[in-house]
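Trainee: Using the sequences plus the hints, can you model the full thing?
There are 4 protein chains.
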Amino acid sequence: MQSIQELLERIHTELSPRFGDGKVASYIPELSKVSPEKFAMAIALPNGEVFTCGQSEEAFSIQSISKVFSLTLALGKVGEKVWARVGKEPSGSAFNSIVQLEHEKGIPRNPFINAGAIVIADLIANGHEPSEAIGEILQFIRFLASDENIHIDKSVAASETAHGHRNAALAEFMASFGNLNLPSDKVRGVYFHQCAIAMNCRQLAKAGLFLANGGRVPGSDNRVVTSQRARRIIALMLTCGHYDGSGEFAFRVGIPGKSGVGGGILAVSPGKGSVAVWSPGLNSVGNSLLGTEALELLSKYTDWSIFYE
Amino acid sequence: MQSIQELLERIHTELSPRFGDGKVASYIPELSKVSPEKFAMAIALPNGEVFTCGQSEEAFSIQSISKVFSLTLALGKVGEKVWARVGKEPSGSAFNSIVQLEHEKGIPRNPFINAGAIVIADLIANGHEPSEAIGEILQFIRFLASDENIHIDKSVAASETAHGHRNAALAEFMASFGNLNLPSDKVRGVYFHQCAIAMNCRQLAKAGLFLANGGRVPGSDNRVVTSQRARRIIALMLTCGHYDGSGEFAFRVGIPGKSGVGGGILAVSPGKGSVAVWSPGLNSVGNSLLGTEALELLSKYTDWSIFYE
Amino acid sequence: MQSIQELLERIHTELSPRFGDGKVASYIPELSKVSPEKFAMAIALPNGEVFTCGQSEEAFSIQSISKVFSLTLALGKVGEKVWARVGKEPSGSAFNSIVQLEHEKGIPRNPFINAGAIVIADLIANGHEPSEAIGEILQFIRFLASDENIHIDKSVAASETAHGHRNAALAEFMASFGNLNLPSDKVRGVYFHQCAIAMNCRQLAKAGLFLANGGRVPGSDNRVVTSQRARRIIALMLTCGHYDGSGEFAFRVGIPGKSGVGGGILAVSPGKGSVAVWSPGLNSVGNSLLGTEALELLSKYTDWSIFYE
Amino acid sequence: MQSIQELLERIHTELSPRFGDGKVASYIPELSKVSPEKFAMAIALPNGEVFTCGQSEEAFSIQSISKVFSLTLALGKVGEKVWARVGKEPSGSAFNSIVQLEHEKGIPRNPFINAGAIVIADLIANGHEPSEAIGEILQFIRFLASDENIHIDKSVAASETAHGHRNAALAEFMASFGNLNLPSDKVRGVYFHQCAIAMNCRQLAKAGLFLANGGRVPGSDNRVVTSQRARRIIALMLTCGHYDGSGEFAFRVGIPGKSGVGGGILAVSPGKGSVAVWSPGLNSVGNSLLGTEALELLSKYTDWSIFYE
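Chains as they are written, first to last, in the working numbering: chain E, 595 to 903; chain V, 595 to 903; chain S, 595 to 903; chain Y, 595 to 903.
Since the hints were derived computationally from the structure, they do not count as laboratory data. Treat the hints with caution; some may be incorrect.
DSBU-like cross-link-like pairs, simulated, lysine-lysine; straight-line CA separation at most 30 Å [to be verified]:
(1) K894/Y <-> K866/S
(2) K699/S <-> K627/V
(3) K675/S <-> K617/Y
(4) K699/V <-> K699/E
(5) K699/V <-> K617/E
(6) K699/V <-> K866/S
(7) K671/S <-> K866/S
(8) K617/Y <-> K627/Y
(9) K632/Y <-> K866/Y
(10) K671/E <-> K894/V
(11) K617/E <-> K675/V
(12) K699/Y <-> K627/E
(13) K617/Y <-> K748/Y
(14) K617/Y <-> K699/E
(15) K699/E <-> K617/S
(16) K894/V <-> K866/E
(17) K632/Y <-> K699/S
(18) K617/S <-> K699/Y
(19) K748/E <-> K866/E
(20) K866/V <-> K671/V
(21) K894/E <-> K632/E
(22) K866/V <-> K894/E
(23) K866/Y <-> K699/E
(24) K866/V <-> K632/V
(25) K699/V <-> K866/E
(26) K894/E <-> K671/E
(27) K627/S <-> K699/V
(28) K617/V <-> K627/V
Mentor: Right, dumping it as structure tokens:
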């Protein structure tokens, strides 16, 4: 049996001829500046060990991966009341679709599509100023990763704000159904800043490890969430974590994950460990193309699939 | 630690005050005749042992649970080519919706909604007579359950045929996009008969055990499917097995399952075992109300959730 | 002021360089065999005079234009009860869309989309054999045109039947909501045969003249329908007569009309007269390209627009 | 034959037992304060005569009726280029639906639904300050009515702004597709103020008379628009003027009109005259209930229906 480090290198080697595949996100100028050739991967184990390959110390925009952390934070603040304002079902449509919001009276399908994450940001802000909520989310992620050196990329946040009409539409639409407390520009402020958090794969794998570890901080008995809540969050990652490619990801990879348009994916295998992968080129539904393939190889070479007998 | 038998009796006792809850399916007269008070549960272990409680020897109409077996059969016949004609994504809508079929040019979202199962029936028939395909499906299920005493309920099949306009519409609609080989009435013949198969919980748990057992026939090294294929089938069960309640089921129960409007659910926990539960009253999205609760209790009292660390 | 005959010749001359423009319908083989170069136009006046140009004695498949006559017949048979089973609103979508049928519980938006016309055919049949209803529709059109020499093109009817999966889907879908009395194959038999009626422009202009003439048979005081009913039928033609191009047609032409995929359009200007035009090439929403332009020129050179002051 | 004045009084008398029927708009508090018992009607003839009944000197909020005037103004400014940014087809859905905007890439179906009118407001503003555009629209309406005593109801405008999330969503959504030049809050400023214009029936009938008069200012040869443009505007009123009740209105009334949620309707019969009616109670699709009935009676007692032979 190979070591984790050998496994990472095997995956890196197998995929290296294809580095640059996929289409880098271009809806905001800042994201399109990233080199498509980048590739990094990190695996964190419950014992605290972290293994890496590629540009694993280089920070990238985590974008929608932040939704996992903000959901966890919101559940900690208001508990299961979260589910009165956001659903738990796969959306069956694109990440920024507004159609289902109309059919379902302003209740987003799940917390991992944009509309759902905006509601979660509103829950965290709880009527206070955006800067407080942003600070709270950032501090939470730093705590999870045990790393103070995690920051918001200001130029990405500014770029999101300048090109955020679609998210503004989602926010105003939900406000029209009474499903938003903060004014829409303020809640978008929270949302855009959480998406603009920059992390490297090492930090991201560490930050997500509690979900693979029954809700416990790695190497301690301190709990971030209960074991049941950890299970529920990763269940949502499995069914809703990759937009309209969630079914395909579960089918091919079988490890709960959440992707971001920055090309990152955070995946967690309960009891086994957490994985962060980064490759900026996206597939047709907006998930990292090689990031998905890397996780498929991980699933093939290990027993980390949750569907493994 | 309690035994499996004690676990079943505990669940039975906890739910017994609520027997009769939910709404029995009434879209075909035959189904509405079933007593809502029925409750049965069976658990099969990889070593071949089966434990039961309630009316576990009483047969009920498996309805959509048959889609798991027909998908397995179709994958065996044509392999991954199945996915050219049916998708792998949760539908985000009701089990018999025709809306998405129009947007997606006659390709059903997944094999577990009605439209998808009709395509699978067409694949199995492969242009031959309906009776052959029906016989093949029935034989396959008998083989999986090691039980020749499994039959098609003729009155249910006749009732489905007489009230099957919606499924006829789905079939004709797919035919208009060229996604059907058999004439629509013939393929519906296959589909209606597979839905009308009657099984009891003991038989159903045994028939589904190969999926919990890495694709192997319980107690032998003979394979029904490869381990990878078994994982993929149960991944689809998790993301798509409960219509528009699949996300909620994954969140609350965390065990891949497939429900039928007859009130049955087949669930499989990889490496642990398979469970069949039957309670005719349905919840608002068409899944067994107490069947879901029974599985939630099972998940609570054991480590069978695939999200368990 | 020019004569009607001069007007027709002017339009014919202006459009002749473009004969062949547009795309001939190909969804059934029989229609695709028609030469795209054909062009004919006929105008009938309330005094009974008929003027023509082009191949005005050559019969073509009237297709959806038949819906005007079947609606008139159904209103005569059951009166305003028609509107319990079909709406009066423009559809905002393609002629054969099934999406709105799902949202509106099996009630088609209007009698001029396919689903609506199928309901009208069912109303005419009133539970009797298709052949009776077909005969009734044909006799009604012969009576309106004062011409026994109008027939059903059997090869077109056969071709429709063989390629009619989409219409079968619409029929089965409505049946699932209880909005159909005849079995779906029988009602489709009526519908396909009425669409396969072949007429030339002279016959068609004469058959539609009662609608321009306050409901009266031209040259007599005999009424086909009351003046109010004639107004209502042509109001529906204006708002719904050209599928999802109805708004554009009202904007550019301003004369109530009904198009068919055979390339024909019947238009009526109340108090002025009726026009039939035929040019097989269709525009992007399925209406005759040059037929529409011919009517736009007619509107430009006369005061036949109903929006004319 | 009765005089116009007698006609108005006959309609007033027939409807008076039902004054108060329907449901007054309540989505903004200011509108809900209006007494449902109000009823007024005014008819203006091409010779400049105006006849009235009821509270015809009492101003009400014209709301969406303003869309007729803003469309006319925008056509005067940029001509047919308007149609690159807004369609001409009935929407087949509610006045504030966002669903079709997604399917049609940010191009509203027509200028009389909210999204379309917001684009028209953006065209009028042409990148300048909202106050200029608002002033221009107001001046245009005063000119058409020959009445300087027409004002914007500031409290209604403020109320619209405070409750305008749905319109904000529509604006942001179109901005995300590049179909808006002004920032969304500024264009909404224009839109909310034009909707808050208050007019009485006498003023409204006079302001709309040019559309019945081939585009000419009543009693002069000065043109507001060409005869062709007048015809095109009223064609749009017929097909799209009453939201998802446009087909029904054409069927029952047969006079091009535009309704507002303030309970007003402006209708124009080409060559005959213009009518303004006001009754605050709305029907299920958001059009004045008794206003529609009053116009149906007008159509019944006269030859003003455009479908009249």
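Trainee: If a hint holds in the structure, say so; if it doesn't, say that too.
Mentor: Quick rundown of the hints versus the structure:
As the CA atoms of K894/Y and K866/S are separated by approximately 21 Å, the hinted pair is consistent with the 30 Å bound. Between K699/S and K627/V, the direct Cα distance comes to roughly 26 Å. Compliance with the 30 Å bound is thereby established for this hinted pair. Proximity of K675/S to K617/Y is assessed by CA-CA distance (about 27 Å); at most 30 Å being required, the pair is judged to hold. Between the alpha carbons of K699/V and K699/E the distance comes to roughly 28 Å, so the proposed pair stays at or under 30 Å and holds.
A threshold of 30 Å between alpha carbons decides the hint, and for K699/V with K617/E the separation of about 25 Å falls inside it, so the pair holds. As the CA atoms of K699/V and K866/S are separated by approximately 44 Å, the hinted pair breaks the 30 Å bound. Our distance criterion of 30 Å between C-alpha atoms is met by K671/S and K866/S, whose separation comes to about 28 Å. In summary, the hint linking K617/Y to K627/Y is supported, as the alpha carbons are separated by about 12 Å, within the 30 Å threshold.
As the CA atoms of K632/Y and K866/Y are separated by approximately 26 Å, the hinted pair is consistent with the 30 Å bound. Taking the CA atoms of K671/E and K894/V, the gap is about 24 Å. The hint holds against a cut of 30 Å. For the hint linking K617/E to K675/V, the alpha-carbon distance of about 27 Å falls within 30 Å, and the restraint holds. Between K699/Y and K627/E the CA atoms are separated by roughly 26 Å; this keeps the pair inside 30 Å, and the hint holds.
In summary, the hint linking K617/Y to K748/Y is supported, as the alpha carbons are separated by about 24 Å, within the 30 Å threshold. About 22 Å separates the Cα atoms of K617/Y and K699/E, which keeps this hinted pair within 30 Å; it holds. For the hint pairing K699/E with K617/S, the CA-to-CA distance comes to about 42 Å; that exceeds 30 Å, so the pair is violated. Restraint check: the Cα-Cα separation between K894/V and K866/E comes to about 21 Å, which is no more than 30 Å; the hinted pair holds.
Among the hinted pairs, K632/Y with K699/S is inconsistent with the structure: their alpha-carbon atoms are about 36 Å apart, more than 30 Å. For the given pair, K617/S sits about 25 Å from K699/Y by alpha-carbon distance, which is consistent with the 30 Å threshold. A threshold of 30 Å between alpha carbons decides the hint, and for K748/E with K866/E the separation of about 35 Å lies outside it, so the pair is violated. Of the pairs offered as hints, the one joining K866/V and K671/V holds, with about 28 Å between alpha carbons and a cut-off of 30 Å not exceeded.
About 23 Å separates the Cα atoms of K894/E and K632/E, which keeps this hinted pair within 30 Å; it holds. Proximity of K866/V to K894/E is assessed by CA-CA distance (about 21 Å); at most 30 Å being required, the pair is judged to hold. Straight-line distance between C-alpha atoms of K866/Y and K699/E comes to about 44 Å, which puts the hinted pair past the 30 Å bound. Among the hinted pairs, K866/V with K632/V is consistent with the structure: their alpha-carbon atoms are about 26 Å apart, no more than 30 Å.
For a cut-off of 30 Å, the pair hint linking K699/V to K866/E is broken: about 41 Å separates their Cα positions. At roughly 38 Å between alpha-carbon atoms, K894/E and K671/E are farther apart than 30 Å, so this suggested pair is violated. With a C-alpha separation of about 26 Å, the suggested pairing of K627/S with K699/V holds against the 30 Å cut-off. Restraint check for K617/V and K627/V: satisfied, since their Cα atoms lie roughly 12 Å apart, inside the 30 Å limit.
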